[in-house]
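Student: Sequence:
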Amino acid sequence: MKPKIRCAIYTRKSSEDGLEQEFNSLDAQREACTAYITSQKAECWVLLPEAYDDGGISGGTLKRPALQRLLTDLDEGRVDQIVVYKIDRLSRSLADFAKIVDRLDGVGASFVSVTQSFNTATSMGRLTLNMLLSFAQFEREVTAERIRDKIAASKRRGLWMGGNVPLGYDPDGRSLIIKESEAKTVRVLYDLYREHGNIRLVKERADGLNLRSKQTVTAAGVTRGGTVFDRGHIHHILTNPIYAGRIRHHKNIYEGLHEPIIDPEMWDQVQRRLMENHARVRGEKNAAHPSPLAGKLFDETGDRLTPSHSSKNGKRLRYYISRRLVTDRSVNHPDAWRLPAPQLEAAIAKAVGEHVSAPGFLPRTIPGIKATDVDQFRQRMDTLASNLNAKSTVSSWADLIAKTIIEPGSLAISLNAQVIADHLGLKADRLESDALQITAAFRLRRRGVETKIILGSSPPEIDQILTRNIASGIGWYTAIRNGTTFEEIAAREGSSVRRIQAVTNLAFLSPTMIERAVNGTLPHHITTDYLLKKGFPSDWAQQGDLLT
1 MKPKIRCAIY
11 TRKSSEDGLE
21 QEFNSLDAQR
31 EACTAYITSQ
41 KAECWVLLPE
51 AYDDGGISGG
61 TLKRPALQRL
71 LTDLDEGRVD
81 QIVVYKIDRL
91 SRSLADFAKI
101 VDRLDGVGAS
111 FVSVTQSFNT
121 ATSMGRLTLN
131 MLLSFAQFER
141 EVTAERIRDK
151 IAASKRRGLW
161 MGGNVPLGYD
171 PDGRSLIIKE
181 SEAKTVRVLY
191 DLYREHGNIR
201 LVKERADGLN
211 LRSKQTVTAA
221 GVTRGGTVFD
231 RGHIHHILTN
241 PIYAGRIRHH
251 KNIYEGLHEP
261 IIDPEMWDQV
271 QRRLMENHAR
281 VRGEKNAAHP
291 SPLAGKLFDE
301 TGDRLTPSHS
311 SKNGKRLRYY
321 ISRRLVTDRS
331 VNHPDAWRLP
341 APQLEAAIAK
351 AVGEHVSAPG
361 FLPRTIPGIK
371 ATDVDQFRQR
381 MDTLASNLNA
391 KSTVSSWADL
401 IAKTIIEPGS
411 LAISLNAQVI
421 ADHLGLKADR
431 LESDALQITA
441 AFRLRRRGVE
451 TKIILGSSPP
461 EIDQILTRNI
471 ASGIGWYTAI
481 RNGTTFEEIA
491 AREGSSVRRI
501 QAVTNLAFLS
511 PTMIERAVNG
521 TLPHHITTDY
531 LLKKGFPSDW
541 AQQGDLLT
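So the sequence shown is numbered by the UniProt record's numbering: it starts at 1 and just counts up by one.
Since the hints were derived computationally from the structure, they do not count as laboratory data.
Think of the CB as a built atom: it goes at the ideal place given N, C-alpha and C, for glycine as much as any other residue.
Label pairs and their in silico Cβ distance ranges:
id, residue 1, residue 2, range
1, Glu515, Gly77, 55 to 65 Å
2, Pro307, Asp149, 46 to 56 Å
3, Ile147, Arg430, 20 to 30 Å
4, Gln271, Ser175, 22 to 32 Å
Only pairs whose alpha carbons sit at most 25 Å apart, straight line, appear in this in silico PhoX-like list of lysine-lysine:
id, residue 1, residue 2
5, Lys4, Lys41
6, Lys370, Lys251
7, Lys184, Lys214
8, Lys41, Lys2
9, Lys427, Lys63
10, Lys63, Lys86
11, Lys370, Lys63
12, Lys99, Lys370
13, Lys150, Lys13
14, Lys251, Lys155
15, Lys99, Lys63
16, Lys86, Lys370
17, Lys533, Lys312
18, Lys403, Lys427
19, Lys99, Lys86
20, Lys370, Lys13
21, Lys214, Lys179
Modelling step: build the complete structure from the supplied sequences, incorporating the hints.
Tutor: Written out as structure tokens, the structure is:
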């Protein structure tokens, strides 16, 4: 007797439209799959009673409740076969589908598409599967492009394209109408900023007046909002052109069809003042928090990096150093870190800025995000990213960082989920934690006492001083072989004989060393000072040891 094959039906629908109907798309998919399983009764196929239905969730993500339950049951051996109406119900992403197939193979299970019959056990079957998935992914990307183009065209006409309804308005088709009870709060916030010119003071006054954010109730009956304003939310309201009767699309602003809550001229004045205050803060020294990343930096051993400073020519130089350099001075710590604070802070800011500005950041961070909401969240992230430029103070973005681990060659940065959630107007549990982890490659370049942090896979930085000295050394050695004396070269170059003799030694570097110096791929510690002070072996093979 053949063993039973336990079959689980998985259904999915991308949008929520029609789910309220008595017989919807999910029911139709399940009915077709049930009929197919029944037709395979002779093969001992048995339908499991558990329903795995994902309604209103895109196939471009694996973060689907029913799918996750199904995969868990699969791993625990409760399912032998997954039955779907079409392959793209399971996934529209080729990469995600490959992960699912690997999990199926790992437990000896398989899947069947009711409308697409092929055998994935053969190479031709797998080729067919990959082709179908590629077309499904292509269709999804083309659909997304169409939606983006439609949103852009509609916003140019001044239409509101949905998403979270801003405080002070109610939706009215493809436009907005003023909700006076909330509009009063918006006007008060603008008046407070015109009075104080400081968002921190505006928040304090808003809290004193018990001003609250917009309160909404989801389709599931969950109440959201109605909370006190944080500074990020206030800043978003003050910079949102929707209140001046305008519509923003990325960096462009168009005249909208809705009525403004704030006079457009007044809104423009507020923007100018915000920019002036930002420029002023940028130029001020933050004496109260000279090292805002203190407590958030760790090295690969788990040791905390603590702020330190020294003075040179009356200038205060800041560093972050491994704590063991302070607490245990009796022992040499060759693996400890001593990094220039401004450069490290700039490197972290650049890595975070590039991460949150990437096109795929929002879809990865907010699973199941609707296309109509992406633009609104992108505007908020652009505001956040504007604080991460090279001219901004570290204190303006330091709260974004939860923790940074510094290892040889890489920075592992964890973003603060609560801070980002507050800025987006979401709850932190809606964010995908993996999307808030950043790994950025970096390298150190030392020249004498100077240390430079180079982020990412930027082109090799050629040590111009070293290459120039190598060229001089080779030229002087050639001149000496032709009868010129060290004294004559020193007189001609305006240098000392001792210096000429030392630099001439660089002519005896191996071809490999010289080539790597010219290409900028020498280890960072090999500089002119290093080679002249510590010396190097004349044997070219032994010189290769310096490269390891």
